[in-house]
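Number of protein chains: 2
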Amino acid sequence: MKRTKNAVVGQSGGPTAAINATLAGVISGAMECGFIDTIYGAFNGIQGILEDRTVPLNQIFSDKDALMLLKQTPAAALGSCRKKLPLPDSDDADDVYGKIFDFFKSKEIGYFFYIGGNDSMDTVAKLSSYAEKKGICDVHFIGVPKTIDCDLCGTSHTPGYGSAAKYIATTMQEILRDTAVYTVKAVTIVEIMGRDAGWLTAAAALPRILSSTAPDYVYLPEAIFDTESFFHDIEKAFEKHPNVVIAVSEGIRGSDGKYVGESAQSGVSDAFGHRYLQGTAKSLELAVKEHFGCKVRSVELNLPQRCAAHMLSATDIEESFGVGRAAVYHSAEESGVMICYRRHDLPYSVDFVTSPVMDIANGIRKVPAGFITKEGNNVTDECLEYIKPLILGEIDLVFENGIPKHFSF
Amino acid sequence: MKRTKNAVVGQSGGPTAAINATLAGVISGAMECGFIDTIYGAFNGIQGILEDRTVPLNQIFSDKDALMLLKQTPAAALGSCRKKLPLPDSDDADDVYGKIFDFFKSKEIGYFFYIGGNDSMDTVAKLSSYAEKKGICDVHFIGVPKTIDCDLCGTSHTPGYGSAAKYIATTMQEILRDTAVYTVKAVTIVEIMGRDAGWLTAAAALPRILSSTAPDYVYLPEAIFDTESFFHDIEKAFEKHPNVVIAVSEGIRGSDGKYVGESAQSGVSDAFGHRYLQGTAKSLELAVKEHFGCKVRSVELNLPQRCAAHMLSATDIEESFGVGRAAVYHSAEESGVMICYRRHDLPYSVDFVTSPVMDIANGIRKVPAGFITKEGNNVTDECLEYIKPLILGEIDLVFENGIPKHFSF
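Line by line, the protein sequences give chains X and Y. Using my numbering, the first residue of the first sequence is number 98, and each one after it goes up by one. Using my numbering, the first residue of the second sequence is number 98, and each one after it goes up by one.
Derived from the structure by calculation, the hints contain no laboratory data. The hints are all genuine.
For identical chains, the list gives no copy identity; a pair is met inside one copy or between any two copies.
Only pairs whose alpha carbons sit at most 27 Å apart, straight line, appear in this in silico BS3-like list of lysine-lysine: (1) LYS202 x LYS180; (2) LYS379 x LYS355; (3) LYS180 x LYS337; (4) LYS180 x LYS386; (5) LYS392 x LYS181; (6) LYS337 x LYS386; (7) LYS392 x LYS379; (8) LYS386 x LYS181.
Only a predicted model underlies this, so the values are computations on that prediction, with no experimental measurement involved.
Go ahead and model the full structure; you've got the sequences and the hints to work with.
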């Protein structure tokens, strides 16, 4: 019989409304699988392992209510980090990795689960490669996907995307109702997250197939943005109605490759070299105001689009929970892999497969050209039909005192 | 027996998530009261009456499902306007008022219901005063309150405020979870609507009494804003934790009476002479970044706070519906009045009373000094306990295809 070992789980990267559902899935799987004794939570991801800040989770979550609350709590309950590990063959590697593997040894860790996006898969890939280099094979490294951006390779979509897309579609429908009340000419520009991929912004067009209203245009980073065509588009929309509503990705760029919001950039970069963008919609607001002289408003959906756990997609939350459980079961025999969704249609369903984490760490899954209109100013119905199943179903949230109840350590 | 007449209802001013619940209440009351034959809806408020754009509502809403959907639909279903009527004794008065009263005559209107805020009550007051001046007494003019700002005089609170406050408290709790995941020093500044009164911003502090988290500071327009004290407040918060979260009203001003966001103002004024403010949080973001050199983010809750009908307060929606019905019943004997909430506590309840619309049109009900801390950088628990009953209860929304279903004409 296989000897049981302990496990550790961490969360990393930007918050989502579903990352804790995946944590709940890992905890639930670990407590049921039979080959894990204690499941530890590492605070602030790999940082918590380096600093020995962990908590045993079994007892806390033997209470089913706590597990249920965790599933409806947004943002990483264990905290997150943006730490980038050095290359496994770099000079300072042994110092950092030594600490991590000492932790694994002292806590008798056999399974490491890391819930995160692109950058977190980079961490899993490096740990896995360092272990291989050192001939350490008694720890299995499993990546568990998470990102509202839906741009991870290897998986048909990502845990957290469905809820973010549902929130965006819902909010967009409300903004469309709001802006339609006046008869005065006005343009409303809604900025949605997405540096490199337009999946979230595409969701803003969902009301077109779901209800009786739709934004006039949707501009994604996958299509080159041209200001003159943009003005021309607005002119055409004004021929139909006085209230023009537009969704733009924060990451739209001109033919020179520069971000539209670049002039307003803070110039600050994070540990992974990403520049913080700001003001794409604001830049366009000023340009439209100057060109048309009409009322213009920009709305940045900002943080709520990634943490609005009051508008969860039941499909997303159940899949996010499921991928966490699948991670545990796959960890028995595999390492250096990320758990992926494999989507089936007619009827819609997903199952869980694995993909080498090396192949995932640095790729980006963009919105395919066939999902964008020829003019590059909208998404196709096919795109929206593809997204639709991911936002379906509602979670019956637990409220307390008028607001949703959250879990916290 | 009293002769039945027709009625017309219009909506005016900025959208809320509850203004259609009040419309539903007026329609429901009109269809049941026995003294109204046809209830007409005027598109775009008084503008629709001037242009004879109206719709009979009885048949559409004899369908109970339509009435229920209307209650969960945000923003004025009939459309809105920001038209300011001339003074009843001005030179061009007869031209404009003549058209309106011709409409009343041709449609046999005996009851005029106008759902709106301050500026809409100005319209009701003028119509009422013009009618009196001309000795017209067969039309009754009734104002029905609406504003997320909660700053109308004469009423203990306003229809729409409870839902906006619930959305703000919920979103604030989520932003607090989101910003807490990292260990790096950061300041998040959340800007909330409220030019003159801080009721909405006060709601951002609700998580303090409702859950385990709270913003560090809350700055309202009622307290003078001082940048040096603000920096000092942030320093003190950093002593406790790395993630500082602050809520500010768009309308906060310095001791010179200037808006903090004034430098970033668009300079555009609406028909009522209000200047559009923008960038209060953005201005503070830049100031904090310069002073502390840390990561700073500003989040403007923007349009969603006034149209987020996916997070309705059941208390607010039932009261908003009730005030619409009360308007109809009071219209039998009264004119030139607004229907007001009169609040009772222990246990909480409201009943409906009337107040002369003249007294309401131009006043502003501010957050009382006793609800703001001595330092002027937060609200008291007493303030939060006052707001709490208004956000209680959830509406079991009808969803279709993954997003809430709305009514539209």
